[in-house]
Amino acid sequence: MRLSHLAQALGRPMVGEDVEITGVATLADASPSDLSFLANPKYAPQLATTRAGAVVVRAEFAPHNRPAILSPEPYLDFAQAVRFFARPQGWLSGISPLAQVDPSAQVDPSATLYPFVVVGPRSIIGPQCVLFPGVYIGEDCQLGTGCCLYPHVVLMAGTVLGNRVTIHAGAVLGSDGFGFAPSATGIVKFPQIGRVVVEDDVEIGANCTIDRAALEETRIGQGTKIDNLVQIGHNVQVGRQCMIVAQVGIAGSTTLGNGVILAGQVGVAGHIHLGDGCRIGAKSGVGQDVPPGQDMSGIPVMPHATFLRVSQTIPKLPEWRRRLARLEKDVAALRQALQLDSKEDRTT
Amino acid sequence: MRLSHLAQALGRPMVGEDVEITGVATLADASPSDLSFLANPKYAPQLATTRAGAVVVRAEFAPHNRPAILSPEPYLDFAQAVRFFARPQGWLSGISPLAQVDPSAQVDPSATLYPFVVVGPRSIIGPQCVLFPGVYIGEDCQLGTGCCLYPHVVLMAGTVLGNRVTIHAGAVLGSDGFGFAPSATGIVKFPQIGRVVVEDDVEIGANCTIDRAALEETRIGQGTKIDNLVQIGHNVQVGRQCMIVAQVGIAGSTTLGNGVILAGQVGVAGHIHLGDGCRIGAKSGVGQDVPPGQDMSGIPVMPHATFLRVSQTIPKLPEWRRRLARLEKDVAALRQALQLDSKEDRTT
Amino acid sequence: MRLSHLAQALGRPMVGEDVEITGVATLADASPSDLSFLANPKYAPQLATTRAGAVVVRAEFAPHNRPAILSPEPYLDFAQAVRFFARPQGWLSGISPLAQVDPSAQVDPSATLYPFVVVGPRSIIGPQCVLFPGVYIGEDCQLGTGCCLYPHVVLMAGTVLGNRVTIHAGAVLGSDGFGFAPSATGIVKFPQIGRVVVEDDVEIGANCTIDRAALEETRIGQGTKIDNLVQIGHNVQVGRQCMIVAQVGIAGSTTLGNGVILAGQVGVAGHIHLGDGCRIGAKSGVGQDVPPGQDMSGIPVMPHATFLRVSQTIPKLPEWRRRLARLEKDVAALRQALQLDSKEDRTT
Numbered sequence: 000m001r002l003s004h005l006a007q008a009l010g011r012p013m014v015g016e017d018v019e020i021t022g023v024a025t026l027a028d029a030s031p032s033d034l035s036f037l038a039n040p041k042y043a044p045q046l047a048t049t050r051a052g053a054v055v056v057r058a059e060f061a062p063h064n065r066p067a068i069l070s071p072e073p074y075l076d077f078a079q080a081v082r083f084f085a086r087p088q089g090w091l092s093g094i095s096p097l098a099q100v101d102p103s104a105q106v107d108p109s110a111t112l113y114p115f116v117v118v119g120p121r122s123i124i125g126p127q128c129v130l131f132p133g134v135y136i137g138e139d140c141q142l143g144t145g146c147c148l149y150p151h152v153v154l155m156a157g158t159v160l161g162n163r164v165t166i167h168a169g170a171v172l173g174s175d176g177f178g179f180a181p182s183a184t185g186i187v188k189f190p191q192i193g194r195v196v197v198e199d200d201v202e203i204g205a206n207c208t209i210d211r212a213a214l215e216e217t218r219i220g221q222g223t224k225i226d227n228l229v230q231i232g233h234n235v236q237v238g239r240q241c242m243i244v245a246q247v248g249i250a251g252s253t254t255l256g257n258g259v260i261l262a263g264q265v266g267v268a269g270h271i272h273l274g275d276g277c278r279i280g281a282k283s284g285v286g287q288d289v290p291p292g293q294d295m296s297g298i299p300v301m302p303h304a305t306f307l308r309v310s311q312t313i314p315k316l317p318e319w320r321r322r323l324a325r326l327e328k329d330v331a332a333l334r335q336a337l338q339l340d341s342k343e344d345r346t347t
Numbered sequence: 000m001r002l003s004h005l006a007q008a009l010g011r012p013m014v015g016e017d018v019e020i021t022g023v024a025t026l027a028d029a030s031p032s033d034l035s036f037l038a039n040p041k042y043a044p045q046l047a048t049t050r051a052g053a054v055v056v057r058a059e060f061a062p063h064n065r066p067a068i069l070s071p072e073p074y075l076d077f078a079q080a081v082r083f084f085a086r087p088q089g090w091l092s093g094i095s096p097l098a099q100v101d102p103s104a105q106v107d108p109s110a111t112l113y114p115f116v117v118v119g120p121r122s123i124i125g126p127q128c129v130l131f132p133g134v135y136i137g138e139d140c141q142l143g144t145g146c147c148l149y150p151h152v153v154l155m156a157g158t159v160l161g162n163r164v165t166i167h168a169g170a171v172l173g174s175d176g177f178g179f180a181p182s183a184t185g186i187v188k189f190p191q192i193g194r195v196v197v198e199d200d201v202e203i204g205a206n207c208t209i210d211r212a213a214l215e216e217t218r219i220g221q222g223t224k225i226d227n228l229v230q231i232g233h234n235v236q237v238g239r240q241c242m243i244v245a246q247v248g249i250a251g252s253t254t255l256g257n258g259v260i261l262a263g264q265v266g267v268a269g270h271i272h273l274g275d276g277c278r279i280g281a282k283s284g285v286g287q288d289v290p291p292g293q294d295m296s297g298i299p300v301m302p303h304a305t306f307l308r309v310s311q312t313i314p315k316l317p318e319w320r321r322r323l324a325r326l327e328k329d330v331a332a333l334r335q336a337l338q339l340d341s342k343e344d345r346t347t
Numbered sequence: 000m001r002l003s004h005l006a007q008a009l010g011r012p013m014v015g016e017d018v019e020i021t022g023v024a025t026l027a028d029a030s031p032s033d034l035s036f037l038a039n040p041k042y043a044p045q046l047a048t049t050r051a052g053a054v055v056v057r058a059e060f061a062p063h064n065r066p067a068i069l070s071p072e073p074y075l076d077f078a079q080a081v082r083f084f085a086r087p088q089g090w091l092s093g094i095s096p097l098a099q100v101d102p103s104a105q106v107d108p109s110a111t112l113y114p115f116v117v118v119g120p121r122s123i124i125g126p127q128c129v130l131f132p133g134v135y136i137g138e139d140c141q142l143g144t145g146c147c148l149y150p151h152v153v154l155m156a157g158t159v160l161g162n163r164v165t166i167h168a169g170a171v172l173g174s175d176g177f178g179f180a181p182s183a184t185g186i187v188k189f190p191q192i193g194r195v196v197v198e199d200d201v202e203i204g205a206n207c208t209i210d211r212a213a214l215e216e217t218r219i220g221q222g223t224k225i226d227n228l229v230q231i232g233h234n235v236q237v238g239r240q241c242m243i244v245a246q247v248g249i250a251g252s253t254t255l256g257n258g259v260i261l262a263g264q265v266g267v268a269g270h271i272h273l274g275d276g277c278r279i280g281a282k283s284g285v286g287q288d289v290p291p292g293q294d295m296s297g298i299p300v301m302p303h304a305t306f307l308r309v310s311q312t313i314p315k316l317p318e319w320r321r322r323l324a325r326l327e328k329d330v331a332a333l334r335q336a337l338q339l340d341s342k343e344d345r346t347t
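Chains as they are written, first to last, in numbering that gives the first Met the number 0: chain G, 0 to 347; chain A, 0 to 347; chain Y, 0 to 347.
Simulated from the structure, these hints should not be mistaken for lab results.
Because the structure is a prediction, the values reported are computed rather than measured.
One or more hints might be untrue.
For chains that are exact copies, the list does not tell them apart, and a pair is met inside one copy or across any two.
Below, in silico cross-link-like pairs of lysine to aspartate or glutamate (EDC-like), each with a Cα-Cα straight-line distance of 20 Å or less [to be verified]:
hint	residue 1	residue 2
1	K315	D294
2	K315	E216
3	K188	E216
4	K41	E318
5	K188	E16
6	K41	D288
7	K41	D139
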């Protein structure tokens with residue numbers, strides 16, 4: 000593909016020779032027929048040494064000796080360019096005779112079902128869906144248009160996916176929520192008869208678990224992206240355009256607004272609300288409502304700026320212990336020197 | 000189903016008209032033919048506005064305008080009522096011709112094996128067991144009566160399940176423990192030749208991992224409930240009626256008493272003991288034995304009441320730094336004013 | 000097997016009668032035909048009561064009444080002895096007619112493919128590889144000699160395994176990295192077109208997730224051992240002979256040197272470097288580079304020795320609050336007694 004063609008597709012100006020581009024790579028690894036990019040100025044020195052045939056850069060970084068596409072957002076434009084060289088995974092089309100589809104299910108003829116897929120009674124698989132080997136669709140599920148379910152994804156009964164939902168290998172949607180209550184005769188299970196609903200353009204990572212609601216529905220809002228090994232409890236409502244990083248856990252009945260960002264390994268307690276656009280730092284534990292737009296960190300969370308300052312003081316606590324003890328000794332000596340009566344003013 | 004029939008089944012009195020009930024729902028979402036419930040007084044105002052046809056409530060909350068079942072334990076009784084409307088998942092019975100069963104395995108004729116199930120040599124599948132698609136049973140496994148293994152559950156060789164064990168999709172039992180030791184010639188693997196034993200009435204969440212013992216057995220005690228994405232290391236012994244919430248990790252050779260509760264994302268070190276009935280707060284790290292009945296939290300854990308007080312002080316540490324510095328300055332000024340010799344009494 | 004034969008195989012001297020050994024067990028559980036061992040002196044009293052037929056011990060612990068193999072490294076030698084009694088799992092050989100192999104794939108005739116395995120176009124499966132039921136190998140993958148992939152392991156397109164790689168059930172390699180960037184029109188996905196490369200002798204735990212690189216490769220170095228439920232982000236480079244314990248998460252583009260040890264539930268931020276031989280304590284959060292050989296713990300990490308001292312002070316913070324307040328009161332009283340002007344020297 001000619002560089003000029005790419006520049007045109009991105010709607011950005013180019014400078015230099017109109018070379019042929021056959022791939023994409025980082026500055027460090029690019030070959031002379033690759034397109035590369037510079038987004039983080041920290042890597043600017045690599046512009047001089049890269050073998051890349053062309054680069055996407057901000058105008059101020061345009062190299063003299065190399066063709067470039069000039070962009071105010073090099074990362075986003077390069078991501079767009081990569082699309083021209085990315086092929087979707089998979090190699091079959093149509094419905095494999097080794098897929099097991101219940102006679103009452105409706106599978107759109109444009110869908111692809113690999114071998115060892117199971118589709119349960121009354122489920123509906125929309126146009127252009129691709130179900131990789133080992134995908135299990137229980138009873139009464141609905142998949143919209145263009146969903147991609149990688150190997151071994153499990154949708155338990157009643158799960159609903161919108162359009163263009165991508166689910167990576169091994170994720171389980173619709174497993175029972177952890178609805179147990181101690182009683183006089185042992186632990187009692189509250190039957191979990193709700194479902195999971197996933198809106199359009201959601202992406203869910205490998206080996207995630209999203210539990211069905213106890214009675215109603217667990218919901219993942221439009222455009223939200225979920226990384227690997229994330230746990231989402233029953234009745235949770237996740238808003239639109241949220242980003243939930245790997246190994247996060249969200250306990251039951253909690254609600255997230257839109258645009259919420261949870262960094263890796265965050266834990267969120269049950270029955271609370273995280274407001275629109277709030278951001279929670281990695282490994283934090285959220286036990287209470289978070290107002291919209293707040294950045295919070297820590298276990299339990301506090302404002303992120305406070306957390307940064309706190310983190311600087313924590314390693315000094317052993318030294319503080321000595322300072323406190325010395326102060327007390329000094330103050331006792333001072334009090335003695337002044338012969339202050341220790342009883343009357345010690346009633347703190 | 001008539002409301003009176005439900006009341007009778009629960010052994011509780013009812014008041015109001017004997018309406019027909021066709022489903023169950025929360026107060027907020029109920030329709031006029033649904034049964035709902037009030038357990039948490041916080042939601043009492045919804046009793047006035049709900050469209051529910053009837054409710055399960057404590058006598059003091061009995062509504063005037065609506066039939067009700069009166070119960071001292073509305074949550075537990077409602078959970079019981081939900082059972083009448085919950086159907087187990089799955090749609091087949093018998094042994095699919097697409098299941099692969101080793102000739103030396105014994106599968107009870109009342110068991111259900113979906114397509115793409117594999118049962119290895121000498122394994123025994125008890126009456127009324129249901130093995131969903133993709134379940135893998137290795138060699139020499141034993142399943143009691145009425146076990147339910149959802150899609151892609153893996154039991155490696157030698158795993159033993161009691162009766163009425165439920166395992167959610169993607170869980171792996173009997174994988175090798177992490178038995179590695181550094182040596183002069185690199186990391187050496189201790190072969191893992193033990194097994195996993197799961198007692199009656201245990202429930203295990205989606206994508207959990209429970210490792211086989213190095214030599215003997217990893218054991219999950221009767222009635223214990225385990226949430227999703229939990230990791231249990233080799234040789235661990237979990238007692239009876241424990242509750243282990245999502246993303247908990249328990250390192251090798253640790254033992255839990257009965258009725259232990261581990262909240263979400265807790266980590267427990269290896270080779271320690273957690274006493275009967277102790278409870279560990281979310282995200283805590285347990286590095287030492289915990290006595291029976293203790294509530295502990297924190298990293299590392301301390302008594303839960305202490306943890307709550309500590310959590311209130313932590314965000315104040317930056318302010319404390321200033322207060323400490325000011326005290327030191329003041330005390331130095333006082334000492335100077337009194338001309339105390341700084342040397343002799345500074346030998347802290 | 001005669002004890003003398005085992006002693007010879009280990010290259011260690013034996014004392015006592017040359018008994019027949021039929022199995023291996025812990026001191027507590029051994030029967031009279033079992034070999035057992037004592038590595039941790041804490042268990043030395045069990046030497047008197049064990050029923051074991053023979054033991055592997057250090058010379059100073061050699062029992063009078065029982066045959067023994069004397070070893071300076073009883074744990075490592077016992078691990079070696081266990082190998083004689085361990086059988087690999089699995090019961091088939093050859094390529095099952097129920098495995099689906101693309102005609103363009105190359106499967107070595109000495110490999111074993113269980114039913115319901117899928118091998119995609121152009122993939123190469125080396126000699127003596129064993130692929131358990133439900134294993135999915137996408138397009139253009141390469142497996143060296145003697146790899147063992149347990150049930151439902153997923154290798155997405157382009158994944159490369161060296162020789163003798165073991166992957167436990169449910170692990171997913173080559174899923175898309177979490178490459179999302181907010182933009183004016185919503186969250187944009189950076190297509191993930193790199194791959195995962197796993198070097199020789201690596202072992203990967205059950206239900207782990209290792210993401211493909213955005214552009215180049217995610218790499219796991221020779222001999223590294225990874226426990227269950229570990230998440231490794233895109234572009235991560237893990238060195239040789241590392242040990243990564245369960246539920247660790249490593250964010251994108253981070254690099255680990257050789258011999259790094261990450262304890263359970265550690266989180267490592269993206270774009271940082273952990274030097275050779277550093278060790279990170281359980282549940283820690285690593286946000287910055289760690290120099291070689293350092294032991295670090297805490298959230299965020301500090302030197303491990305500091306962390307231990309800090310951990311002792313944390314539960315005392317509520318008491319410190321009272322001590323600080325009392326000091327301030329005392330100092331104010333002292334200042335008043337001395338009539339120090341409070342304004343001039345309060346400019347901290």
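The hints, checked one at a time:
1. In the homo-oligomer, the alpha carbons of K315 and D294 lie at most 20 Å apart only across protomers (18 Å), although the nearest pairing inside one protomer, at 25 Å, exceeds that limit.
2. In the homo-oligomer, the alpha carbons of K315 and E216 never lie at most 20 Å apart, since the shortest distance is 47 Å inside one protomer and 40 Å across protomers.
3. In this homomeric assembly, K188 and E216 come within 20 Å of each other (Cα to Cα) only inside a single copy, at 18 Å, whereas the closest approach across copies is 27 Å.
4. Taking CA atoms no more than 20 Å apart as the test, K41 paired with E318 passes in neither setting, with 37 Å inside one copy and 35 Å between copies.
5. Taking the closest pair of Cα atoms, K188 and E16 never come within 20 Å of each other, the shortest separation being 69 Å inside a single copy and 29 Å across copies.
6. With identical chains, the CA atoms of K41 and D288 are at most 20 Å apart between copies only, with a shortest distance of 16 Å across copies and 37 Å within one.
7. When the C-alpha separation of K41 and D139 is checked against a cutoff of 20 Å, the pair qualifies neither within a copy, at 52 Å, nor between copies, at 34 Å.
Checked against the numbered hints listed earlier, the structure breaks hints 2, 4, 5 and 7; every other hint is satisfied.
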